[in-house]
Every structure is written in structure tokens, then in C-alpha cells.
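> The primary structure of each chain is shown beneath.
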Amino acid sequence: MAKTIAQEFKKGLWDEIPPFRLVLGLCPVLAVTTTAENGLGMGLATTFVLVCSNLLVSLLRNNIPPRIRVPCFIIIIATFVIMVELLMQAFAYGLFLNLGIFIPLIVVNCVVLGRAEAFASKNKVLPSLADGLGIGIGFTMSLGVLGAVRESLGTGMISGVEVFGSSFEPFEFMVQAPGAFVALGLLLCIMNIIGKK
Amino acid sequence: MREMVKMVATLTILASVAGGLLATVETTTAERIEQAVLEYVQGPAILSIMEDVSNDPLADRFSLEIDGEERSFFIGKKDGEPKLVAFEGKASGYGGDIGVMVGINIETGEIAGIGITTHSETPGVGSRAESDVRFLTSFVGIPVVEEDNIRIGDDGGDVANIGGATVTARGVCTAVRRVGDAYKNYESEIKTQVEAFAG
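Residue numbers (my numbering), protein chains in the order written: chain X, 1 to 197; chain R, 1 to 199.
Do not take every clue at face value.
Computed list of chain R residues with no C-beta within reach of chain X, every gap over 10 angstroms [stated by the list, open to error]:
1. 39
2. 80
3. 185
Straight-line C-alpha distance at most 30 angstroms; calculated DSS-like pairs for lysine-lysine [what the hints assert, rightly or not]:
4. R:6 to X:124
5. R:6 to X:122
6. R:90 to R:78
7. R:6 to R:78
8. R:191 to R:78
9. X:10 to X:197
Read the hints as simulated data drawn from the structure, not as lab findings.
Ideal placement from N, C-alpha and C gives every residue a C-beta, glycine not left out.
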């Protein structure tokens with residue numbers, strides 16, 4: 001094996017951090033990151049699905065006939081997504097109301113299916129777990145940062161705490177759809193500058 | 001042929017296991033979800049109607065079948081005695097169904113307050129029904145069975161209109177009248193249930 005488990009975990013945090021390096025799964029990234037809390041909640045839900053589906057796909061990888069692997073992956077992923085949805089309704093209903101339709105849409109998040117197809121179906125259980133966890137945490141961090149940037153610039157507050165003082169005039173468009181693209185572009189740019197050094 | 005059988009078998013087993021698993025999660029979370037929906041969807045409306053009660057209206061509730069449909073009733077007590085009962089009515093507004101929680105004073109039969117639970121009215125126009133104090137408080141004190149009074153001023157009733165959102169205001173009135181209808185038809189059943197909470 002070329003990479004150690006620690007390397008599989010670490011690559012998701014920077015080298016292959018999903019929204020910025022892979023530029024995958026952008027729909028929830030753009031839609032739910034109006035606040036830091038929503039971004040983190042969405043990220044954690046996706047992480048749970050990623051880790052569980054990677055684990056199961058890797059476990060079953062020798063038993064799934066290649067020609068129907070995608071339907072099998074989808075069943076596994078959909079099961080965990082519905083589980084997340086039910087658990088979130090039971091324990092974090094407020095967050096569930098904020099994220100709404102984007103929770104069931106994790107099923108079609110290409111990061112999740114992408115990791116199942118590209119990694120877990122070809123690798124052993126432990127590296128697959130590390131991969132899922134790394135990519136998931138990377139995804140959560142990205143959404144959290146993006147949400148924090150948009151929330152702080154768009155409303156001047158993060159979770160109700162003022163960050164720029166009361167004289168700050170919020171850029172309201174940052175919490176609307178165009179702000180999502182602007183913030184994502186700026187963060188991508190910063191990451192590329194840091195990455196070049 | 002063998003490959004075919006294997007594919008069918010794999011998918012069948014996988015789907016059955018997934019179904020079984022989800023059914024388990026569903027049954028174990030059902031109660032908590034019901035509680036959460038109460039708290040977040042109907043809770044705020046109920047608590048706004050029953051501000052000065054001495055009990056927890058969300059805990060003191062019963063259900064009753066009204067016109068073939070199971071409905072939840074919430075009780076508000078003052079000094080340990082049940083004084084208010086609240087339940088929900090629905091009617092269509094401008095963008096879909098509006099759910100209205102109506103609190104009724106059991107002794108006088110007057111409306112003690114109303115609160116909007118769910119709606120899909122236009123944001124900033126019809127959605128003002130949720131928070132327009134003049135509109136919401138104009139229901140207070142009207143006997144819930146007086147259909148003619150539970151209409152906006154233009155229709156000859158006692159309810160204040162919401163400027164620019166007449167359709168929404170009429171929808172809310174209809175929902176309240178439906179609650180009044182149900183209260184009239186099932187008054188004795190409701191009162192029997194409420195009395196069980198006394199003392």
C-alpha cells in the first residue's frame with residue numbers, strides 16, 4: 001500500500017478538501033452556508049453519511065457484483081441519509097428546519113458517491129474509514145468557514161455575537177445566493193495563493 | 001444466468017436489510033420527533049396564546065377524533081383549574097394551507113387568542129399574519145361559535161384586516177370558523193376530556 005492510514009485521513013483536510021480542491025458537491029455548499037451553524041450542521045450530517053457508507057461499501061466490496069455496484073451504493077447511502085434525517089428531526093429539530101430539503105439531498109451529493117466509487121470500493125476497511133472521516137471533516141470545516149465568512153459579512157454577527165462592532169454596515173447580499181459564489185471564489189483564491197508557496 | 005441471480009439476490013438482501021434498519025430507527029425516534037414537532041411548530045403558537053397559564057400546555061394535552069380525524073387539544077390551567085383549551089384549524093390562504101391554533105376560554109366560549117402554526121404565504125405580505133398584533137388581537141373576545149363575527153371588517157365581521165393581504169386574512173378567519181364549528185359540534189366531548197385534567 002502506497003499510503004498510510006494517517007495519510008489517507010490527512011489528504012481530505014487539505015490536498016483533496018472537497019469543495020475547494022475537488023470542487024465537488026457544491027449544491028449544499030452554496031445553499032446552506034448562510035450561517036456558520038447551518039454549515040457545520042450540514043457538514044456533520046454529510047460526514048456521518050460518508051463514514052458509514054465508506055465503511056459499508058468497503059466491507060461489502062467483494063460481494064457486490066460490479067454491474068450493479070452503483071444501485072448498491074445508492075441504497076447504502078440513502079439508508080444512512082434517511083437515518084440522519086430522522087435523528088436530526090428527533091434531536092435537532094431547529095437545525096432540521098433550517099437545512100430542510102438539503103438533508104435528503106445528501107443522497108445525490110457527489111462527494112459521498114464519489115468516495116464510495118473511487119475509494120471505498122477498491123480499498124480495505126481501515127483506509128476507507130480514514131478517507132471518509134478525513135474528507136468529511138474537510139467538508140465540515142469548509143462549510144463552517146464559508147458559513148462564518150458569509151454570516152459575519154452579511155449580518156455582522158456569528159451566532160448572535162457581534163464581530164465587527166455596531167458601526168458595521170452588513171453586506172446583505174453575502175447571505176443571499178450571489179454572496180455564496182463570491183465567498184466561495186474568494187476562499188478558493190486564498191487557498192490557491194497559500195498552496196503555491 | 002448465475003450472475004443474474006447473484007445480482008437480484010444482492011440487491012434484494014441489501015434493500016431488505018436497509019428497510020429493516022430504517023424501520024427500527026423510525027420506531028425508536030417517532031416519539032421524540034412528535035415531541036420536537038410540537039415544540040417547534042405548534043409550541044410557539046400555543047405559548048403565545050397561553051402566556052399566563054400555570055401549567056405546561058404542551059404536556060397537558062389529549063387527542064380526540066373530530067370528523068374522522070385525530071386532533072390534538074392543549075389545556076391551559078389557571079390556579080390549577082383548566083380554563084383554556086386550544087386546538088388547530090386549517091384553511092387555504094393565498095399560497096396554500098394556513099394552520100391556526102385557536103385558544104378558547106372554556107367558561108365563556110370566547111376566543112382567548114390565536115396563533116399561526118404553519119403557512120406558505122408570500123414573505124413580507126401574507127406572512128405578516130404571523131406577527132401583525134392588531135390583526136391577531138382583534139380575534140380576542142369574539143365568541144368562537146359566532147360565525148358572522150369571525151370575518152374581516154369588509155365582510156361584516158369584527159376582525160381587523162391585514163393591509164394588502166386580504167386573502168390571507170380571510171383564510172385565517174375561515175380556519176378559526178372551522179375551529180368554532182368543531183367546538184360547537186363536539187363541545188360536550190371536549191369538556192369531558194378537559195375535566196379529567198382538573199384538580
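> CA of residue 90 (chain R) to CA of residue 78 (chain R), is that 30 angstroms or under?
The hint holds at about 28 angstroms.
> Under the criterion that the straight-line Cα-Cα distance not exceed 30 angstroms, is the pair residue 6 (chain R), residue 122 (chain X) satisfied?
20 angstroms, holds
> With a cut-off of 30 angstroms on the C-alpha distance, tell me whether residue 6 (chain R) and residue 124 (chain X) pass.
The hint holds at about 23 angstroms.
> Minimum Cβ separation between residue 185 (chain R) and chain X greater than 10 angstroms?
33 angstroms, holds
> Just to be careful, I want the Cα atoms of residue 10 (chain X) and residue 197 (chain X) compared with a cutoff of 30 angstroms; is the pair within it?
Holds - the C-alpha atoms of residue 197 (chain X) and residue 10 (chain X) are around 19 angstroms apart, at most 30 angstroms.
> Within a Cα-Cα threshold of 30 angstroms, do residue 191 (chain R) and residue 78 (chain R) meet the stated pairing?
16 angstroms, holds
> Straight-line Cα separation of residue 6 (chain R) and residue 78 (chain R) no greater than 30 angstroms?
Roughly 67 angstroms separates the two Cα atoms, so the pair is violated.
> In terms of Cβ atoms, is chain X entirely out of 10 angstroms range of residue 80 (chain R)?
31 angstroms, holds
> Is it correct that the beta-carbon of residue 39 (chain R) has no partner in chain X closer than or equal to 10 angstroms?
7 angstroms, violated
Taken one by one, the earlier hints fail for this structure at numbers 1 and 7, listed in ascending order.
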